[in-house]
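Residue numbers (our numbering), protein chains in the order written: chain Y, 1 to 248; chain L, 1 to 248.
Please keep in mind that the hints were generated in silico from the structure rather than gathered at the bench.
Where hints are given, some of them may not hold.
Identical copies go unnamed one by one, so any copy, or any two together, can satisfy a pair.
[What the hints assert, rightly or not] Keeping only pairs whose Cα atoms sit at most 20 Å apart, straight-line, the calculated SDA-like set for lysine to any residue is:
{"no.": "1", "residue 1": "K142", "residue 2": "V39"}
{"no.": "2", "residue 1": "K74", "residue 2": "Y35"}
{"no.": "3", "residue 1": "K149", "residue 2": "S229"}
{"no.": "4", "residue 1": "K169", "residue 2": "E216"}
{"no.": "5", "residue 1": "K169", "residue 2": "T185"}
{"no.": "6", "residue 1": "K74", "residue 2": "P100"}
{"no.": "7", "residue 1": "K142", "residue 2": "S229"}
{"no.": "8", "residue 1": "K74", "residue 2": "A189"}
{"no.": "9", "residue 1": "K142", "residue 2": "H51"}
{"no.": "10", "residue 1": "K149", "residue 2": "E235"}
{"no.": "11", "residue 1": "K74", "residue 2": "A123"}
{"no.": "12", "residue 1": "K149", "residue 2": "G174"}
{"no.": "13", "residue 1": "K74", "residue 2": "R196"}
{"no.": "14", "residue 1": "K149", "residue 2": "T185"}
{"no.": "15", "residue 1": "K142", "residue 2": "E15"}
{"no.": "16", "residue 1": "K149", "residue 2": "V49"}
{"no.": "17", "residue 1": "K149", "residue 2": "A98"}
{"no.": "18", "residue 1": "K169", "residue 2": "R14"}
{"no.": "19", "residue 1": "K142", "residue 2": "F194"}
{"no.": "20", "residue 1": "K74", "residue 2": "A27"}
{"no.": "21", "residue 1": "K149", "residue 2": "A248"}
{"no.": "22", "residue 1": "K142", "residue 2": "P245"}
{"no.": "23", "residue 1": "K142", "residue 2": "N55"}
{"no.": "24", "residue 1": "K74", "residue 2": "H51"}
{"no.": "25", "residue 1": "K142", "residue 2": "P211"}
{"no.": "26", "residue 1": "K149", "residue 2": "P245"}
For clarity, every value in this text was computed on a predicted model and none was experimentally measured.
What follows is the residue order along each chain.
There are 2 protein chains.
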Amino acid sequence: MSGSVVVAGLGPGRETLVTPEVEAALAEATDVVGYIPYVARVAPRAGLVLHPSDNRVELDRSRHALEMAATGRKVVVVSSGDPGVFAMASAVFEALEAGPVAWRALEIRVLPGITAMLAAAAAAGAPLGHDFCAINLSDNLKPWALIEKRLRLAAEADFAMAFYNPRSKSRPEGFARTLEVLNETCRDARPVLFARAVSTPEQSLRIVPLPECTPEMADMRTMVIVGNSATRVIEGPAGLWLYTPRSA
Amino acid sequence: MSGSVVVAGLGPGRETLVTPEVEAALAEATDVVGYIPYVARVAPRAGLVLHPSDNRVELDRSRHALEMAATGRKVVVVSSGDPGVFAMASAVFEALEAGPVAWRALEIRVLPGITAMLAAAAAAGAPLGHDFCAINLSDNLKPWALIEKRLRLAAEADFAMAFYNPRSKSRPEGFARTLEVLNETCRDARPVLFARAVSTPEQSLRIVPLPECTPEMADMRTMVIVGNSATRVIEGPAGLWLYTPRSA
């Protein structure tokens, strides 16, 4: 078997954030699989088969990629952001572990990308400049009680916090509850960043003190970053900068 | 004033991980400032002044960059990895806030990069595929007691953990104490990744069960990633893969 699976991060949207090694992998691929909007970011060309698929079929997509690689295809699985952060890389390894032992002889590589929290942080300043945590607020794959426990412990640890998937139509109540828990535990007016569609032409940034945050400030395209107790806002003529000092 | 400060992430080492927008900023710069080994990664050219400086002078370097921008220079501050993760971006904003108000009218941009933990995670599989935290184990800028508190709370939250600056010659005892705390709190044999010189020709990866980890497995060029309680190792003919399942 000379096939391969490359799990590649396309970054959060802006084309100048795609790394050269991801471009090179796409240029050599015979097949690209991924969620529809991410596959749409790959330019069609002769010899390349695009396999867009719907959301929430990550394991099926991973098996499909491994099956094609086992027949000798050079498959790239595309993710938004970084494939290792709430994206496709874990799903590919779950499928690998559960699949035929022969798959373990395939060449598999993971190519990192700029994940949304780092692009959002950079756009606003440096809110993740001290110890921080990243939490997926979707309760599709874990119980809500675990999310709430992690929020309380993260606040007690005084981590800055980056939230992926803060809110969807199917579970609007989770982010409302998140804000309640944070207000109970943090008890201050630390700044919160709502970074929507970060690095795309529709990018919008909003910095709001924690007690004034409301659930509808976030949707599924929003990255939310909550400062730690020392996070500061600098006002300038061009707007606000947000940063977390290096010392504590 | 038409000068600017761009704080740019060069990624962890491999040139194919430098984003096109960082390359473009370097091509337009009149001055590059940064720690000696990072400035050494920038190709000299006519019209570009390189200003390498020693470690631990982050605030001086930031003030220098802002002062030059105030005279109209196009300054790029280079960081390894991502500038917003235990790197130069927070120092630049600390200097901005403490400096002359006129500096706030300068154009300032932060360009994200591939941070070491994401490159290390990708090289080994997907150990950060579920909720995780990033902790700087250096106690130069925070008390050790705070680091230890965060380690205990992160273990209780069952976060995977990425450790920057695990060990230096001047403080060899910190990482030994980290391993003691993790063994006390985690009480299992979860896998730990030691990723040294990640993405460079000298890269080495080692996966060790937590109880078997020893302090000398890490140095200042090592990124350490501790799995959560569900992190798994897959054995294959080409070596080990490490991944954290998406569900909990």
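The hints, checked one at a time:
1. K142 / V39: neither (27 Å within a copy, 44 Å between copies)
2. K74 / Y35: Intra 18 Å, inter 40 Å, cutoff 20 Å: intra-copy only.
3. K149 / S229: both (19 Å within a copy, 15 Å between copies)
4. K169 / E216: Within one copy only: 11 Å inside a chain, 49 Å across chains, cut-off 20 Å.
5. K169 / T185: neither (26 Å within a copy, 38 Å between copies)
6. K74 / P100: within (19 Å within a copy, 55 Å between copies)
7. K142 / S229: between (28 Å within a copy, 14 Å between copies)
8. K74 / A189: neither (51 Å within a copy, 36 Å between copies)
9. K142 / H51: Cα proximity of K142 and H51: none, with 28 Å in one copy and 49 Å across.
10. K149 / E235: neither (34 Å within a copy, 33 Å between copies)
11. K74 / A123: between (35 Å within a copy, 19 Å between copies)
12. K149 / G174: For K149 and G174, only the intra-copy Cα distance (13 Å) is at most 20 Å; the inter-copy one is 28 Å.
13. K74 / R196: neither (34 Å within a copy, 29 Å between copies)
14. K149 / T185: both (11 Å within a copy, 17 Å between copies)
15. K142 / E15: Classified as neither; 33 Å inside a copy, 38 Å across copies.
16. K149 / V49: Cα proximity of K149 and V49: none, with 44 Å in one copy and 51 Å across.
17. K149 / A98: neither (30 Å within a copy, 37 Å between copies)
18. K169 / R14: neither (26 Å within a copy, 41 Å between copies)
19. K142 / F194: neither (24 Å within a copy, 28 Å between copies)
20. K74 / A27: Intra 10 Å, inter 34 Å, cutoff 20 Å: intra-copy only.
21. K149 / A248: between (24 Å within a copy, 13 Å between copies)
22. K142 / P245: between (33 Å within a copy, 11 Å between copies)
23. K142 / N55: Result: close within a single copy only, 17 Å intra versus 42 Å inter.
24. K74 / H51: within (13 Å within a copy, 44 Å between copies)
25. K142 / P211: Neither, since 27 Å and 28 Å both go past 20 Å.
26. K149 / P245: Cα proximity of K149 and P245: across copies only (19 Å, versus 26 Å in one copy).
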